[in-house]
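**Q** The lines below spell out each chain.
Protein chains: 4
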Amino acid sequence: MGYTAAIAGASGYAGGELLRLLLAHPDIEIGALTAGGNAGTGLGDHQPHLVPLADRVLAETTTDNLAGHDLVFLALPHGQSAAIARQLGDDVLIVDCGADFRLKDAAAWEAYYGTPHAGTWPYGLPELPGARDALAGATRIAVPGCHVTTATLALFPALAAGLVEPDLVVVAVTGTSGAGKAPKAHLIGSEVMGSAAPYGVGGAHRHNPEIVQNLSGVAGGDVTLSFTPILAPMPRGILATCSAPLAPGTTEEQVRAAYERRFSAEPFVHLLPEGTWPTTAMTLGANTALVQVTVDAAAGRMVAIAALDNLTKGTAGGALQSANIALGLPEATGLPMTGVAP
Amino acid sequence: MGYTAAIAGASGYAGGELLRLLLAHPDIEIGALTAGGNAGTGLGDHQPHLVPLADRVLAETTTDNLAGHDLVFLALPHGQSAAIARQLGDDVLIVDCGADFRLKDAAAWEAYYGTPHAGTWPYGLPELPGARDALAGATRIAVPGCHVTTATLALFPALAAGLVEPDLVVVAVTGTSGAGKAPKAHLIGSEVMGSAAPYGVGGAHRHNPEIVQNLSGVAGGDVTLSFTPILAPMPRGILATCSAPLAPGTTEEQVRAAYERRFSAEPFVHLLPEGTWPTTAMTLGANTALVQVTVDAAAGRMVAIAALDNLTKGTAGGALQSANIALGLPEATGLPMTGVAP
Amino acid sequence: MGYTAAIAGASGYAGGELLRLLLAHPDIEIGALTAGGNAGTGLGDHQPHLVPLADRVLAETTTDNLAGHDLVFLALPHGQSAAIARQLGDDVLIVDCGADFRLKDAAAWEAYYGTPHAGTWPYGLPELPGARDALAGATRIAVPGCHVTTATLALFPALAAGLVEPDLVVVAVTGTSGAGKAPKAHLIGSEVMGSAAPYGVGGAHRHNPEIVQNLSGVAGGDVTLSFTPILAPMPRGILATCSAPLAPGTTEEQVRAAYERRFSAEPFVHLLPEGTWPTTAMTLGANTALVQVTVDAAAGRMVAIAALDNLTKGTAGGALQSANIALGLPEATGLPMTGVAP
Amino acid sequence: MGYTAAIAGASGYAGGELLRLLLAHPDIEIGALTAGGNAGTGLGDHQPHLVPLADRVLAETTTDNLAGHDLVFLALPHGQSAAIARQLGDDVLIVDCGADFRLKDAAAWEAYYGTPHAGTWPYGLPELPGARDALAGATRIAVPGCHVTTATLALFPALAAGLVEPDLVVVAVTGTSGAGKAPKAHLIGSEVMGSAAPYGVGGAHRHNPEIVQNLSGVAGGDVTLSFTPILAPMPRGILATCSAPLAPGTTEEQVRAAYERRFSAEPFVHLLPEGTWPTTAMTLGANTALVQVTVDAAAGRMVAIAALDNLTKGTAGGALQSANIALGLPEATGLPMTGVAP
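Protein chains in written order, with full-length UniProt numbering: chain A, 1 to 342; chain B, 1 to 342; chain C, 1 to 342; chain D, 1 to 342.
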């Protein structure tokens, strides 16, 4: 147990998933657990699946309570991370599961979030070219949005290799836990079960500029993106169906080779055998992203589909993977390779 | 009760939905009910929700058993309709919920179905330009595929008005009943619940050439289509997210106006108020298709989304709507305008 | 259209189901639609499945707005019905889907609801012995609780015939819509999907004394009841598994005969063929209750199971069935006999 | 890695769950994987969530293929275990997840399974009085049925303490994975979703005599049991609602004390804090059983509810827990204490 970690926002879904993973991490000990409105209540009231932590009491999310740990994971509503980070000092590794430090473009931030831009931190998507170098030794990490991780992994190998035109269409089916735990009318079970429901259509979703940022970086130029998320009746999982026009002369073999090259050495991202398409069920609770790709010659498009668990690889698992890198630990330490199925 | 109707394939999902609707139809009386392997068993064993028909026994699907009715609805595996139709005579209205007579292009039929092309019948999508004229007085009707109805309704107004380029991307989330009642390993509840699962990716789905046929016809020229269906954990419903590049100069107002023009007089297809996106739950059990459309200027694309119940408007309801037209009955006779929610 | 009806609470689940049914009722016209906090908004915002009523605006729930109709359906939180009923006058048929006038025992009311007892109205469970006589010509109707209708129908034939001891165990699996539309943390989809969750265990559920009241009345003496409701991941449906010790000498034949006698002439309650057990899916959206019963000789108990749709036969359909009786209309007028499946 | 284990039936749900757990077990290495009809195919085709084993090929289930391991886990249809066990020799620890060696009473076996009784092995429910002694050093283990584990844990403390009469009612809501992976019409997603469906009502379920065996043993005399399992729309989980008449003079305090006494030192079975009722979601993927109990004075009954994951604590986790004991390893080795939620 070389390190101690505090978790801010421990009563929410991202916080709960962080705790589930940290309980199995051999080198990080769970320290303070804090919350906002739920401070003073027992963790067992909010995360009854975390039996070994049932008796822990939630402290208030204050800098005092978070101080004194080697790591601090922030799973907070956006806008709260900057103040905490300022006060905690540079020797603490702060891993922000929120949005505050993801975007480089202050104008994009302000357009989508309506508040002043807080800055940019090293970006916690290790599979992205150059990302591991930036994460090594970092003391600040911005964890990507869950839709962003899915779409980026599905598309970047083809874009980096120049095999598709940068005119992207992403339709992402997502489970309900991405919307968090706060009760809202459209999220109650009676509304959600049996229904597929689009939201943030037409570029309105906050993950839109972040996907564009990642893929423009990889493509070495502007990309356009049509992104439609769809709420589906399942608690977890994102399945992103992504397509782009083929660049002139691109072949199926080239596409497959580009993805194999990128992912063959990755511990958590896998190109599936030809003909097998990923499903969200394959990834439940695992830090795994599964990808498949094909060329639709008649349509002149490449279609790539990625599946992952929005709370694991999409949030808490990705956060811990990046933290491992920052701390100099083996990247896969404490991270589940296998999902829970069926 | 002016007419009598036989239903071939009464033990399946399409057959059950036809019966549910026919029980409420004032002008059509339910006659013979036939089945393949289930012949000789009681309808109540297969359709326990159809209480008033619980004691009816399924006859074998033979021309003899289907003869002597004014209408015959066929809900059979593809390849069986032609022989039956030949023998029943031209004075019987045959409504085929299967694929056999949908495609005009024999080569496309053979490429996707692997059998000789049987021909083409009047096409049962009344909302398509010119379709009602072809259906009036018809004695043969080919009911469109469920994905086809959804994608066609979502896209044809913009294509007909020349507001988008004919380079289409459709990602359709669908419930499991579209896959029918035959037990297959990937369709059992344990596999389906909690999972989003793509299939027929890259143009392989049999509804692909039929969507292309409809939309090429409307566009007055070739269209390309990237179509990805995704199985979601719900029994019914299709939500098709459709997009296409904007034609130069196209505005949001033009797009909206085109859809309003097409749908304002339609009894079953509705453009939702601005800002409201359709969900499948809104349409459960209704013969309704709900559509919304927007322009994503940054992406340079129009996004149109349609939702409907694959068994009602997508199959049995659409079949009955077209049959009403063919018989000269008011088009909405006996068809539910309201869904069952939540 | 002989009658007009106002609906108070039209934006909730019970109100929505009442409207769905009334749209198909040939003798009742939909009049004022009122709501509490949702007054002033469009019905389409809350009940998008009710397409023909999409443009109706919700008025405030006041006596003024409800006055001037032949019928008033109340779908309100408990405690609000008495004041409205007092002011509306005795010539209006008031059908209360809430709890206020169900219980005869003021002490039981106060123990379970914590407010003064408002009184008792004719009880809207037509299948109960004597109930139709009390409903004929009534101007006030108390609609039973959804769990109460299910458990009562499952058990009363055996109790009335003295075939079981009055020591009852009921475990009722229920969909989420019974909990209403107000967003609560334990009702959001992420919590509900994939989970079976008991509540009100040990006699705490408010439907407990009402079941006891019905069954004591039928048994002609006190009954004891152990009642456990369990929330299951489905929007609609109740399946009540009910058992009681066999009275000395009771045979399977006697039990079956008692249920057949009670239900053979009922339009909406059906004893299934031997060996077929009811499921909630068989009843979705129908005003039907399906019952099966058996004798477990080794256990010395009768087991009876009833399934129904909590919003249809369990609330709005039962309300309309009772209203039909009160108005002198054929009891089944406008009520769906068939469910929507799958 | 002190031990090697072969798994027979590796392509099914129990086999998959065993592999998921064994991948995290520090002292047991995964050896041969065998199957029946799926022999020759890749494990990745059947268990795509087990990424680290994706390339393993399934051998045929023969004694030769299973020989040479320290442990053999059998996850086979009933009737196949005896022959395999005979041939493998007494120095191999055989853990049978099937039913063959669970029942002591040959007549009960033959009545419920219709084949000759194979015998009885040490019973793999460590929490049952005396069970750990029988398991220590055993070379044969019969893993209990999933419903049996749930009902036994819920009821045995009260029966052992004489606090209830031995007249038991158990209604168990269960996920679909307990029915296995073989496709059957009533198990396809379209049928399962949105439905609660009883089966094996009236004592017909094969777990019935096994529950009776366990609880009669604990009670020191005959018990009667009314057991009703109900299929619910969720892949995993059992929630057993169990009740029994209170013995004269029994108090809530006595009941609570009896459960605390039994479970306070158990690593995997927990009595929840007063007022908190278990749900299946709390246990997903964990080897945990959660229990709550109350006294319903008006009904004169004790109500105890237990929740667990049918594949983990109910099958594969329980099997591994018992194997740990047999091998002399710490009982909790490699077993997840935390579930995956939401």
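Read the hints as simulated data drawn from the structure, not as lab findings.
Computed from a predicted structure; not experimentally measured.
Among the hints, erroneous ones may be present.
[Claimed, not checked] Among the chain D residues that face chain B by a calculated CB cut under 7 Å, a handful are:
(1) V92
(2) S177
(3) P183
(4) L187
(5) S216
(6) G217
(7) G220
(8) T224
(9) L272
[Claimed, not checked] Simulated restraints on C-beta separations:
(10) A247(A) with P26(B): 56 to 62 Å
(11) E260(B) with P52(D): 41 to 47 Å
(12) A297(A) with E260(B): 33 to 39 Å
(13) A332(B) with P273(C): 34 to 40 Å
Glycine is no exception: its CB is placed at the ideal position from the N, C-alpha and C atoms.
**Q** So, for every hint listed, does it hold in this structure?
**A** Cross-check of the supplied hints:
1. Interface restraint check: V92(D) against chain B, minimum CB-CB distance 31 Å, threshold 7 Å, status violated.
2. For S177(D), the interface hint holds, the least distance from its beta-carbon to any beta-carbon of chain B being 5 Å, beneath 7 Å.
3. The beta carbon of P183(D) is positioned within 7 Å of a beta carbon in chain B (closest approach about 4 Å), and the interface hint is therefore held.
4. At about 5 Å, the closest approach between the beta carbon of L187(D) and any beta carbon in chain B falls short of 7 Å, and the interface hint on this residue holds.
5. A distance limit of 7 Å between C-beta atoms decides the matter here; for S216(D) the minimum to chain B is near 33 Å, and the interface restraint is violated.
6. At its closest, the beta carbon of G217(D) sits 33 Å from a beta carbon of chain B; the interface hint therefore is violated under the 7 Å criterion.
7. A cut of 7 Å between beta carbons decides the hint on G220(D): the least distance to chain B is about 39 Å, and the hint is violated.
8. A hinted interface residue such as T224(D) counts as satisfied when its beta carbon comes closer than 7 Å to some beta carbon of chain B; here the least separation is about 32 Å, so the hint is violated.
9. The criterion of a C-beta within 7 Å of any C-beta in chain B is not met by L272(D), whose closest approach is roughly 25 Å, and the hint is violated.
10. In this structure the supplied range 56 to 62 Å holds for A247(A) paired with P26(B), their Cβ-Cβ distance being about 59 Å.
11. The hint said 41 to 47 Å for the Cβ distance between E260(B) and P52(D), and at roughly 55 Å that hint is violated.
12. Separated by about 37 Å at the C-beta atoms, A297(A) and E260(B) satisfy the suggested range of 33 to 39 Å.
13. Here the CB-CB span from A332(B) to P273(C) is close to 36 Å, well matched to the stated 34 to 40 Å.
When the structure is compared with the earlier hints, violations turn up for hints 1, 5, 6, 7, 8, 9, 11 and for no others.
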